[in-house]
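Participant: Listed below are the residues making up each chain.
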Amino acid sequence: MSPESVAIYMFATLFVALFLGHPLAFSLGAVGVLFGLIGWGGSPEQVFALFANKTYGVMDEYVLVAVPLFIFMAQMLDVSGIAEALFHTMHVLWGPVRGGLGIAVLMVCVVFAASTGVVGATEVAIGLIAVPNLLKRGYDIPMTAGCVCAGGTLGILIPPSIMLVIYGGLTNLSVGKLFAAAYLPGFLLAGLYIAYVAIRCGINPQMGPVLPPEERMYTVGQKVWMVVTTLLPPVFLIAMVLGSLVVGVATTTEAAGLGAVGATILAIAYRKLTWTAIVEASVATLKITSMVMILFVGGNAFQSVFMGLGGGDAVADLLLGLKASPLAVLFIMMGIVFFLGCFIDWLGILLIVTPVFGPVAQELGFDPLYFGTLICVNLQMAFLTPPFGYSLFYLRGIAPPEMTIEHIYKGVVPFVCLQWVGLLCCIFYEPLIMWLPKVIFGE
Amino acid sequence: MKKFVRAVDAFNEFIGKYVALLILPLVGVVTYEVILRKVFHSPTIWAFEMTVYLYGAHFLLGAAYTYLHDRHVRIDILYQKLPVRIQLWVSVVTFLVIFVPFVGGLSWAAVLYAGHSIATKELSWSAWKPPVYIYKTIMPIGLIMLFVQGLARFVRDIYRLRGEEI
Chain A
3 MSPESVAIYM
13 FATLFVALFL
23 GHPLAFSLGA
33 VGVLFGLIGW
43 GGSPEQVFAL
53 FANKTYGVMD
63 EYVLVAVPLF
73 IFMAQMLDVS
83 GIAEALFHTM
93 HVLWGPVRGG
103 LGIAVLMVCV
113 VFAASTGVVG
123 ATEVAIGLIA
133 VPNLLKRGYD
143 IPMTAGCVCA
153 GGTLGILIPP
163 SIMLVIYGGL
173 TNLSVGKLFA
183 AAYLPGFLLA
193 GLYIAYVAIR
203 CGINPQMGPV
213 LPPEERMYTV
223 GQKVWMVVTT
233 LLPPVFLIAM
243 VLGSLVVGVA
253 TTTEAAGLGA
263 VGATILAIAY
273 RKLTWTAIVE
283 ASVATLKITS
293 MVMILFVGGN
303 AFQSVFMGLG
313 GGDAVADLLL
323 GLKASPLAVL
333 FIMMGIVFFL
343 GCFIDWLGIL
353 LIVTPVFGPV
363 AQELGFDPLY
373 FGTLICVNLQ
383 MAFLTPPFGY
393 SLFYLRGIAP
403 PEMTIEHIYK
413 GVVPFVCLQW
423 VGLLCCIFYE
433 PLIMWLPKVI
443 FGE
Chain B
17 MKKFVRAVDA
27 FNEFIGKYVA
37 LLILPLVGVV
47 TYEVILRKVF
57 HSPTIWAFEM
67 TVYLYGAHFL
77 LGAAYTYLHD
87 RHVRIDILYQ
97 KLPVRIQLWV
107 SVVTFLVIFV
117 PFVGGLSWAA
127 VLYAGHSIAT
137 KELSWSAWKP
147 PVYIYKTIMP
157 IGLIMLFVQG
167 LARFVRDIYR
177 LRGEEI
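Chains as they are written, first to last, in this note's numbering: chain A, 3 to 445; chain B, 17 to 182.
Don't read these hints as lab results, they were simulated from the structure.
All C-beta atoms in this analysis are idealised placements derived from N, C-alpha and C, irrespective of residue type, glycine included.
Misleading hints may appear alongside valid ones.
[Claimed, not checked] Output of the computed footprint for chain A on chain B, the stretches with three or more beta carbons under 8 angstroms from beta carbons of chain A: (1) 24 to 35; (2) 47 to 56; (3) 60 to 74; (4) 80 to 87; (5) 124 to 131.
[To be verified] Mimicking DSS-like on lysine-lysine, the simulated pairs with C-alpha atoms at most 27 angstroms apart in a straight line are: (6) Lys138(A) to Lys56(A); (7) Lys56(A) to Lys137(B); (8) Lys54(B) to Lys440(A); (9) Lys54(B) to Lys412(A).
[Claimed, not checked] Covered by chain B, according to a simulated footprint, are these stretches of chain A (three or more residues, beta-carbon under 8 angstroms): (10) 237 to 244; (11) 281 to 291.
Construct all of the structure, not just a fragment, from the sequences and the given hints.
Facilitator: Set out below in structure tokens:
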């Protein structure tokens, strides 16, 4: 088989296999098996020995140890119930503003995004309390859905982030630098969302009315106290995780471990830590971790055969052979990632795309850190684009009956557009990504 | 066969809870090492590898439990729209053409991989020199547990096709 046909047939087979509803990890692996056997002359021993080797590679990768730790940290934070408390504070502070509760949701999401590295637990915790709250006050249903989905998704972009940890594991880029690089793009997106909600509701107050005055009867002293008590704990966590990283006290994995301890301390402080809560958090952590890492194993199998048979070179030749400007090729790659994001989850895309596109981007003169961050910003959309988007599923799981899946789909559209705006800003204004790593790590 | 399915489900349900708790020593070891190294300036020789071992055992031994609870991400947009009977058929066929070749083949390779390591009594390269063959053995154990859980699901689907629920 020529490398070109390997590339085409493998992706075609994968796409068919994907929609059969079998776990993605095994579908990726099975396509790897099939083409490994055909392409390498049918020696199962060799093919599977390679896969076993790759699997041990995943087991032996110290950086990836941060993944379960960050997930556990998020689960513990969920146990502590800080999300609810923080939402209440933001709700009071932003109540007098049109669209204020939407802004409150986004603000809480940003604080949580900066203290955890995943999407699920945070989005569900905030969604559970915020959605009924906003709907009760007559907020526009699609906009409410959009705020929760888009805000919750920031969790995996604003550091710490397991997506960046995994990208670092895949490419040998420093996770610390990736964290630094993703900060400003993450805050840029958050800023865009908040501005959008404020402007929409400012023009049309029916979409997001101000709170009735009797609900905002708090003295300044009370407000200050609320801010201190609810904002301080997440700040403590952020300091623990990112502080230890930036000062260089700890590796990413150790920072994640400290974060897990920090979140547990908070759960104790809020008197929510029981043995049952610990077991539940552990079980939830196991399910997510195992899903992610087994998908890693399957993706590795697919990818090692794909690259081994020259599929990666074929795609690279195709892209470079276009003789288009580097920027045009970059847009093609971003378009492909966006398209895949509609159907496959973010990790599947990272595993498939990174080894293929990374070298192309480097060939075209893009800094690997810059390119990697663009991919991760782009993958924000993979969470929101139907038919397959995690954030949509999480919200659907907790949405009250009056919020239908159509509301959710409709609600995320403006936010996906804003994500494109954010991505374009990052593409055309490189310092958004590259400035902070330079300031922190020099060079 | 019904007994087999129930036994496998119960086994993985039971084991899974304990595997999940491995996260606690993982957090503990990582933190212990940071404190010893940064506060007392006396790093251990074993913590680094111990972390990796706990992490690997955690996700591999938990793979079957995750499968039991249907939490391995799958794209079921089309699948959900199918009639139940066709879903069962698709599930049976995908088990044979996707799950068996990959998970089955990988389990077999993992047995050989670990077997080689056990035969040579392989030790780690570090100063601590732990017997790394024990860790490598976790790979076939986790994968075989996953495979058997898949098999149980397959048998259950066959029973469902015949109109029996286990």
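Participant: Take the hints in turn and mark each one as holding or not.
Facilitator: Hint by hint, here is what the structure shows:
1. 24 to 35: Satisfied; 3 residues make the cut.
2. 47 to 56: This one holds; 4 residues, not fewer than the three required, reach chain A with a Cβ under 8 angstroms.
3. 60 to 74: holds (count 6)
4. 80 to 87: holds (count 5)
5. 124 to 131: holds (count 5)
6. Lys138(A) to Lys56(A): 52 angstroms, violated
7. Lys56(A) to Lys137(B): 21 angstroms, holds
8. Lys54(B) to Lys440(A): 26 angstroms, holds
9. Lys54(B) to Lys412(A): 51 angstroms, violated
10. 237 to 244: violated (count 0)
11. 281 to 291: holds (count 8)
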